[in-house]
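Protein chains in written order, with our numbering: chain A, 14 to 386; chain B, 23 to 1092.
No lab work stands behind these hints: they were computed from the structure. There are no misleading hints in this set.
Within a straight-line C-alpha distance of at most 30 Å, the following computed DSS-like cross-link-like pairs (lysine-lysine) qualify:
{"#": "1", "chain 1": "A", "residue 1": "Lys341", "chain 2": "B", "residue 2": "Lys358"}
{"#": "2", "chain 1": "A", "residue 1": "Lys17", "chain 2": "B", "residue 2": "Lys517"}
{"#": "3", "chain 1": "B", "residue 1": "Lys479", "chain 2": "A", "residue 2": "Lys108"}
{"#": "4", "chain 1": "A", "residue 1": "Lys101", "chain 2": "B", "residue 2": "Lys479"}
{"#": "5", "chain 1": "A", "residue 1": "Lys31", "chain 2": "B", "residue 2": "Lys517"}
{"#": "6", "chain 1": "A", "residue 1": "Lys37", "chain 2": "B", "residue 2": "Lys517"}
{"#": "7", "chain 1": "A", "residue 1": "Lys293", "chain 2": "B", "residue 2": "Lys358"}
{"#": "8", "chain 1": "B", "residue 1": "Lys540", "chain 2": "A", "residue 2": "Lys17"}
{"#": "9", "chain 1": "B", "residue 1": "Lys316", "chain 2": "A", "residue 2": "Lys101"}
{"#": "10", "chain 1": "A", "residue 1": "Lys138", "chain 2": "B", "residue 2": "Lys579"}
{"#": "11", "chain 1": "A", "residue 1": "Lys375", "chain 2": "A", "residue 2": "Lys223"}
{"#": "12", "chain 1": "A", "residue 1": "Lys375", "chain 2": "B", "residue 2": "Lys292"}
{"#": "13", "chain 1": "B", "residue 1": "Lys705", "chain 2": "B", "residue 2": "Lys792"}
With the Cβ distance kept under 7 Å, some of the chain A side facing chain B (calculated, not the full set):
{"#": "14", "residue": "Lys101"}
{"#": "15", "residue": "Trp105"}
{"#": "16", "residue": "Ile313"}
{"#": "17", "residue": "Phe339"}
Source: prediction; values computed, not measured. Yeah, the Cβ is synthetic: ideal placement off N, Cα and C, and Gly gets one too.
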Amino acid sequence: MSFKAILALEDGSVFYGKGFGKEKYDVGELVFNTSMTGYQEIMTDPSYKKQIITFTHPHIGNTGINEEDNESKTVHASGMVVKNFCEKPSNWRSKITLGEFLEKNEVIGISDVDTRAITSVLREKGAMNCCIASLSVISEKEAIAKAKEFLGLKGMDLAKVVSTDTEYNWNEGVWPHNSKSNNEYSVIAYDYGIKENILRLLSDHIGPVKVVNAETPFDEIIKQNPKGIFLSNGPGDPEPCDYAIENIKKFLEKKIPIFGICLGHQLLALAGGARTYKMKFGHHGANHPVQDMISKDVFITSQNHGFAVDESTLPKNIKVTHISLFDKSLQGIEFVDRPAFSFQGHPEASPGPQEIQILFEKFSSMIKDYAKA
Amino acid sequence: MPKRKDISSILIIGAGPIIIGQACEFDYSGAQACKALKEEGFRVILVNSNPATIMTDPLLADATYIEPIHWESVEKIIEKEKPDAILPTMGGQTALNTALTLDKKGVLKKHNVILIGANRTAIDKAEDRQLFDETMQSINLETPASGIAHSMSDALEVQEKIGFPCIIRPSFTMGGTGGGIAYNISEFKSICEKGLELSPTNELLIDESLIGWKEYEMEVVRDCEDNCIIVCSIENLDPMGIHTGDSTTIAPAQTLTDKEYQIMRNASFKILREIGVDTGGSNVQFAINPDNGKMVVIEMNPRVSRSSALASKATGFPIAKVAALLSVGYTLDELKNDITGGLTPASFEPSIDYIVTKIPKFAFEKFPQASPKLTTQMKSVGEVMSIGSNFQESFQKALCSMEEGLNGLNTINNDGSYPSDDEIKSELTIPGPKRIFYVADAIRKGWDLNKIYSLTKIDFWFLDQINEIVDIEKELKKASISNLSREYLQRIKEKGFSDNRIAELLDTNESEIRQLRKMNNVMPIYRRVDTCAAEFATSTCYMYSSYGGNCESLPSKNKKILVLGSGPNRIGQGIEFDYCCVHASMAMQEEGYESIMVNCNPETVSTDYDVSNRLYFEPITAEKILDIIDIEKPEGVVIQFGGQTPLKLANVLSENSVNILGTNVDAIDRSEDRERFQELVNKLNLKQPSNATAKNVEEALDKADEIGFPIVVRPSYVLGGRAMQLVNNTKELKQYLNEAVEVSNSKPILLDSYLTDAIEVDVDVVSDGKNIEIGGILQHIEQAGIHSGDSACSLPPYSLSDNVQGIMKKQAIDIAKELEVIGLMNIQYAVKDENVYIIEVNPRASRTVPFISKAIGQSLAKVASKAMIGMSLTKQKFSSELPKDLSFVKEAVMPFDKFPHVDPILGPEMKSTGEVMGIGPNFGEAYAKAQKGANKILRRSGVVFISVKQSDKKYLDEFVPEIINAGFEIVATSGTSEYIQKLGYNVSTINKVTEGRPHVVDSLLNNDIDLVINTTEGSQSIEDSASIRQSALRNKIFCTTTMFGAFAIIDALKSKEENWTYSTLQEINN
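Sequences and hints are given; from them, build the entire structure.
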């Protein structure tokens, strides 16, 4: 059942619409995503912690929610803003509706708002804090106040919040085969908010994965004689994650193969001595062209980041491997003196184009070389 | 990689005449390619037989040849121009097939020309069904179970493996011509038989039927560095079983999860790579089982296609332009995305934040003998596209764009009754063009959506959307205008309900709703098509209307002019009118105005985002146009160039005090209203065939007796001779009144005396209000009575006396003066025994404008536009002088091969879809080239079959010796044979079909006849002889159904192909 809902921005502007999912209020950073598919993956991506996502695609919910496409166990985004919300999904894999899914996960959504106008505002003014609320829970005035009170993601270490408490093993491959991995090498994956499709791809390309908490100390891992360290994606600002940065520095010294994605990429750069910054409105979409600086190949990639590595602060031993063709921002780095590389976008896709999944191949051969040596 | 340095001149092959399956989308793509390559400094050589195209405007290429697209003609052009490369991917199947033939015949090798954008291996792999299947298997993609047949026995063998129903597709035919679905063995045999004949390689692919599977298309672009992007995904509302060109389609795909979508995306790239499309645009079609997601590949086109045009318009990404630049070596990252003002590169995938709907337009009413059912062979003649913020808005806007009297999702019947359950069930199961309306009526009758789904397999997502539209209708029917809240009105406008539909449901009129909207400030907003879902700012003014939210129109303060387009293509109103609208827009820009275009046809050049300063992709309805005028406040509106589409709005626009440029609205009424027209004729002392208007059946019969038979009858206010018929006696007139049309006070019918054997003439006039100039005098080859759009015609006239031409010129000037024409006017005359009769006057652009413009080397539409904003003809230095010693012939192109049950006979109702132009030093060569351009192959000698009606026999005195001289032997039916024998010539007699076997059709099918001259009259004789014409068509035997046409053949036979001359428009007009 729908209810009256609003989206209040920190600048005092308010959008009125219909609510779906859980009748509540929530605050977060308002971002937009231009991907035309994959709302299920996006809503369950831990990188969206504390964010409220505006979907630019005009109909959301059409394919319902299925059992295979979640990127984590729960919904991480704080809210969902859509133009037209579909209550009657149609897809052979659909099990429940998006509305039911949000309600179950206690997340609120709002529909019938001008998502294009919101996107334009974010494009002009940058990411904004906001409050998404059912008017039966709080008033418009209160909602604006909540939006203003929210401090934003700058300086916020959210990786800790979303990381797994207990370590676990993963050896299932990607849909639709979901084949069990029987490869010989295993990888340690630091969970700063990891998407399950990364685990599926690591499993398919390399071998079984052990997923560990973000704060697991270097000593504990090195004892296990790891053949490769994976640094996951995740939410929030990378700079406060000093525990992670310290760990990575030590792995780098040991010359263990490292592959980082998104937040993992930023942490690797920080560990290498570079700096990061908060972008105006970030990259959130599934159509971003990224160029490989060596082969000049162009990859259409999935992107979701609000922070980026400042290219001008890269030390000499880190070279640029990829840049964004949208804004020339840094998209990939590699150490010249050790087996470590990382990518700002999402090679695991989910949602989005999959061609740059070859980076998992690259990690795999790095690990093989290391293991042989 | 930057531009290739090893090529400097490129030959682009166009698509030729507009036919079903290959429409003006290839003018759009070809024009883009010409512009892009010329800008890059290449010498662009173009061959296209279609004069109504923008691409054949002399400024678009360096050397423009309006010549037959046939390998022999193209070889002559290659010899003369010595191009380095040929780009064959812009002109549809025609260009691709021509390029293949040139390669096979060794022409490319001989002249050292390379193909760019596609190579022969790739074309073969994509087009040859068996190779395609093998290729797909090699990359682990499934295709439907299928087999290849080269004979009927092969076909039967394959069928046994596959079962019923199965889909039959002939290889290398466009729009799936000759294909179909067979449910039983007799259907199977008849489709196979036809298909084997139609396929140039005598090859059939017989497929497992995937009827009811979900159908998708992916528009892919690849560059020479193997960078691939998807420009757009398209989901068909109509599942498998209906040709995608005949399906309602939606972009982007709506019912796939990301995982499923990515599988299709990855497969598309794999296919392009494996087929070997090195650079350019392609499209790949998939079918997905709705129950388990199993995906199979249906086909791919290794070239720019109809759906590329749709995808380009749907996203703003110019596929053809980009494909052309990729073909000369650029890579995607080196090209800029124009829409974001070059802010982003072309190497990205458009993200769109709106829904696009395409609905095809059919012309079954023109072909009553054709089965109005949709199958795997394309039958639509045009399409509309619309953009909305949700499916319902997009869909309802598209319905309003159709110009079929729809104002939304209307009921099948007008009287509030519903079709019977049986009828609905049948229409849902065996779809025709109105299936979606039957779906809505089924919902209105309370049918369960599950039942509708099981009959149609239309995805539940779409059914739910339609269900909601019907629910809102029900609410509206209960409401009244006084209790509509602002919020409710806003909500239903957001769902795409037109004012007209709301008014109809509330039982009020459209202007009431408009007023109510304005009072409540429920006004449309305009959003921009920006390729990026607002992620980046855009400077491109490509817009669509919607409701709710921010308006991005931001109109300028410049002086501006609105040009109304011509809507969907249909028989009677095609690309010629788009040509005129584009020229009007260009003229306004040249004179310092901001030009604003409104149109809803995705195939056209006019809907390209850079043709006008601003583009509104909108239905051409009173509501939408008035809304745009409200926000833009243009100085004037141009309605003369878009055919009937904008003309229909003349009254409502002038009622709303809109400044209509050029000839005033009253002149239109004076020429279209019969009585007022007669006053005009009398006032100017002109002659008119005796005629009358009748408002009921009795009156019609009385008036007919007064006029005397034969009579041409038709409803008033029609274009393209809709429902026009020649009747020879009272019986036939009665039959017409009973079966063909409704006659009433508000819908009178017109009766005109038919002038037997008169010559018909088209005259186009341009006027600035003071000076009046004749643009051209076109003498028709077929006699009066054949619709002017279906007749071949010649510029200059080839047998009219100076006296007659003088009379026509004087009359034309008198009429233009009397009507105070500013802009264009077209007059149709009939000439008999040196008497000039006036048939009709149209104070607007006509179908012949582009043809004349190409001949005289000046754009009549442009000249007229400038005259409309006050620039005199003298100042424009207008001259309609024709190049010396040249003859120009226009030939109409008919769609009969798509409708095998239709009698391919010419008559007063227009049936042609397109036209070609032939240019030569004399009428004979020009006519012969036009025939070849129209793909009517005239055999040079052999056996001619002659069977002519009584009144035509006199012509045989002159015709027979000429045809014998040309090298033909004669066979004739008894009456004709007797007449020829009496003239003293050798002739063999052959049975009519009704006279026992072997008869003429046997001879035709045995290929014993090379030319058919068959004129006939009276409905019985026409029916009896239909099989002659049908058999000739099937066996590609040249057939003429008029004596005037027969004489033109004599002239054509005198011109020898090896002596044909090839000159560019640039050479001709300098």
